[in-house]
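Protein chains: 4
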Amino acid sequence: LTAREDAAALGGRVQGVIPPLVTPFLADGRLDLAGFEANLEAFAGEDLAGYLVLGSNGEAASLEEDEKLALVGVARARAGSRALLVGTGLESTRSTVAFTRKAAERGADAALVLTPHYYKSSMTAEALQRHFEAVADASPIPVLLYSVPAFTGLPWPPGLAAALAPHPGIAGMKESSGDIGLLGRIVSSVPASFRVLCGSGPVFYPALCMGAVGGVLAVANCAPRATAALYQSFKAGDHARARRIQDALTPLGVAVTSTYGVAGLKAAMDLAGFRGGHLRAPLLPAPTAVRETLWPLLERANAALA
Amino acid sequence: LTAREDAAALGGRVQGVIPPLVTPFLADGRLDLAGFEANLEAFAGEDLAGYLVLGSNGEAASLEEDEKLALVGVARARAGSRALLVGTGLESTRSTVAFTRKAAERGADAALVLTPHYYKSSMTAEALQRHFEAVADASPIPVLLYSVPAFTGLPWPPGLAAALAPHPGIAGMKESSGDIGLLGRIVSSVPASFRVLCGSGPVFYPALCMGAVGGVLAVANCAPRATAALYQSFKAGDHARARRIQDALTPLGVAVTSTYGVAGLKAAMDLAGFRGGHLRAPLLPAPTAVRETLWPLLERANAALA
Amino acid sequence: LTAREDAAALGGRVQGVIPPLVTPFLADGRLDLAGFEANLEAFAGEDLAGYLVLGSNGEAASLEEDEKLALVGVARARAGSRALLVGTGLESTRSTVAFTRKAAERGADAALVLTPHYYKSSMTAEALQRHFEAVADASPIPVLLYSVPAFTGLPWPPGLAAALAPHPGIAGMKESSGDIGLLGRIVSSVPASFRVLCGSGPVFYPALCMGAVGGVLAVANCAPRATAALYQSFKAGDHARARRIQDALTPLGVAVTSTYGVAGLKAAMDLAGFRGGHLRAPLLPAPTAVRETLWPLLERANAALA
Amino acid sequence: LTAREDAAALGGRVQGVIPPLVTPFLADGRLDLAGFEANLEAFAGEDLAGYLVLGSNGEAASLEEDEKLALVGVARARAGSRALLVGTGLESTRSTVAFTRKAAERGADAALVLTPHYYKSSMTAEALQRHFEAVADASPIPVLLYSVPAFTGLPWPPGLAAALAPHPGIAGMKESSGDIGLLGRIVSSVPASFRVLCGSGPVFYPALCMGAVGGVLAVANCAPRATAALYQSFKAGDHARARRIQDALTPLGVAVTSTYGVAGLKAAMDLAGFRGGHLRAPLLPAPTAVRETLWPLLERANAALA
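Residue numbers (the numbering used here), protein chains in the order written: chain A, 1 to 306; chain B, 1001 to 1306; chain C, 2001 to 2306; chain D, 3001 to 3306.
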């Protein structure tokens, strides 16, 4: 397959719900690959389009390269025909290229490339464009752009997606700002072959209304069934049900991201019967009081399915 | 009518598109009431639910009280059965109460009350709640809450709408942050009798999807027909057309707010055959180059109606 | 005197400590002119260079014009030969000019003109420059520029002071961001005749080191003696003592501004034997617990004088 | 030596000017160790207290571990008795500990530990405190805390330095926000044995006034003599000269940090006869026009020495 065919083929596969997998750790901080695998096994029966490994919720920033590759390997073995997206973005272009190649060798279907962001004021639209183009030029697999200002502190330049969409190796974008106006402007500025994925649970339904083809959503880790039902309701044209599920999911979605972060997400997964596991320091575990807060939010999300 | 009946009655009337009327000035800075009236006459034939006088786009911050009341009087005479919303929010509770009463005397149907914001760090949820309650207690007309962080620098506390919704004198809210996640959380936290109006043109369609009942939108001043068509498409269940019009309206909506501000809006109105008129200093007029940029955006918005 | 002589004369008089006077209110919200006068009487014995009436700490945003002029009148009667600065900035250029003239008639020595800020994104360096020039052109008294981003949300354009310094009616600036790098850049970009006043208590000493000629400081309302002693120590070349007093003043200065706002300042004034008085809603009074927090901070500030 | 003695000994050595060394690259992106060494040789004759390797200006975020250790090795060989600080902070506590140990083995005198920042909303004062304590517990060399909000997007919690100062392995802090009020509050909250270094060139002199014992300043890479002269003037009690040099250094200091970033710093070093060298992508080189802007700023800085 040529790169363009790869990108088009990938675009067809990322339509729907994709959980950004968490990385469970043991109490001593070591990787809990068994827990990771157990989650994949549990997710196998859900209506998901694929998986993202090494995203922000996967604590990628706290993993060593060998750990990252081990996670990719396990996910590949368990993903079957589902799309396997792997977060490969690092601060420098050369290290991003090098790691993207390694992820591809281990079976990644696409590379999710985060905006470099340490040198914020230098990350102009031009610098970002050159970075993404260089990575896509060198990558053996399609590239998805990734913007998440809550973590990077870097807003997405409005015209950048349109500038990068013609590149045959760039298949689309994960837009996690939660800014639906921005997402709408991106969707309407690119050809349909450039797929926009929503990265913010509380705006999944309106993002679909504005042309997103799916969602890479933290909340899908702890409420995969309700998240998938929202998507299917939208696809079936049932806006009323999609919005009802969105309303039920939103408090949980907010809790496991902006309010309590990855600690909240892992606690909610534990409560929901998945394997959230320990966090890696400096992240601290969610206090018991938070766990008690999460339980009714999980119940409300699941009640929307009745 | 009791206050509660007023609020309910008002709620039924603010469903649809409401332009936040601009205030045209003469070249010497004096009020151009004839221009203001001409716009109302031109809008009479459009499918609008009402008018907002003395909003942010009306340069309320730069008007004297007698000018404000003159504008309310003219708008009342021209509004007919359409809802007449009047911006009455000032920094102190007592001056807001006093001016709200005067606006009611001149025929306002509802008071749009901006969050006080100069003492930002002191404007806690509690301070804002007490302010809105005191204004609503004293107001002879229903109150609509108004949040516009781009101007005030003040984010809206997530739970405040739910705390204020039970007040019989508070009919709803204009939410102008453009944050659809926040708008969705507000809508799902209040009873249906509390009406949420969208105040950001680029997210009008997704706001309607999330339960907003209408929009108070700058862009409705220069493209009233397309804006109303978006609303009617949504009401008719034609999501595809609503989104298509949204996509066509968005570049114009962005240009006449975040990019070029009130100067851009007035220039676009002039181009569209309305009376934008001069600005009051310190606002500067849009340069000629901006006017040339606006023309194709207006054409694109109107082409969506074909 | 010509305007230039006025500005030069004023410059000579604003060297030192100037409290931005609070406006005491009665419990029912009415102006407490007696309390205001009592403070002026108490301050008469302190080593102060002047007074600012109608600043941010004076709750100017919550006052009506007749109240403002009454305060100016009382201050003029009590100020004697001290410099009387009056905050006259409003959102529009024309209302700022009109009120500046009224303040001058009532005896103001200089007008402190706040940056207009409601239309933030339109307040370019050019718009601000034209505004200040128009006000200074029309003002019968010297103008001092005033930037306070904590309230306005508007950063000061680095080159604006240098652009305005040549105007014969512009005497200087009150810089209240607390950004000493910015203050230093301003001081080194203007002639010595353009006086820079520091508006942030916790950086008064370093601001003096960088060339500020005085301070308009909230903390001077509740600890005038220590604040003046800091200034005199600096003038005498006693850096060690100036810094020691600064260290002792800083916790109080932070408490009565960023932490507890005007409510904290008024509470501290009450504790110190001045007349803070009530606030005007929507500002809420400081809780009792805050008052208990303030007491040791006042003691620490005064202990530095021993 | 015990850890406490190490920390105390280090504190005595970091008083003065310390350039955060840049990392020159070749045109193809590889490390230019010869250029790095040439700079150390050139700096040997300047009045500097030490060096920082692997700081923000050293593009540490874009370096691989083997490259980092090579740079430490070269710097150690060239540093002689000067203090060798090494940036060892990474996102996870365990990787920070591991790399700190390796840096110590290669001869680092102290570890400069950046605040983890990717998971911004989770980086509470408690999370940061535990992180720094864990690193200091495990580190064979003294730890210096490092806060640089312009890159991390994370403000420094006001009380954190005081909470960490008692730790025997924590010797001080590099405070790079440029907020002199914050720096002053930190200095006055810790014992004198906890050394505060200023990390912002435009406020070096006022930082010294407020109790900083030295500066780790980008501008020291391109104007080491003027920067050192500022420090020596301050130490000699010559405030007038210190401020004069500060004024002359500030435009250059702003240009090589906030305005043009590392690209500007490297260009200025090239102009000044040092070896700035190429940048590593995604950082882009400074355009020719920027180089022309920098030249007079260098001249102005050096003229202050005359």
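In case anyone wonders, no lab produced these hints; they're calculated from the structure. Don't take each hint at face value.
[Unchecked claim] Where chain A lies over chain B, by a calculated footprint (3+ residues, C-beta under 8 Å): (1) 1131-1137; (2) 1199-1206; (3) 1241-1247.
Even for Gly, the Cβ is constructed at its ideal location relative to N, Cα and C.
Looking at the structure, which of the earlier hints fail to hold? Result: hint 1 breaks, nothing else.
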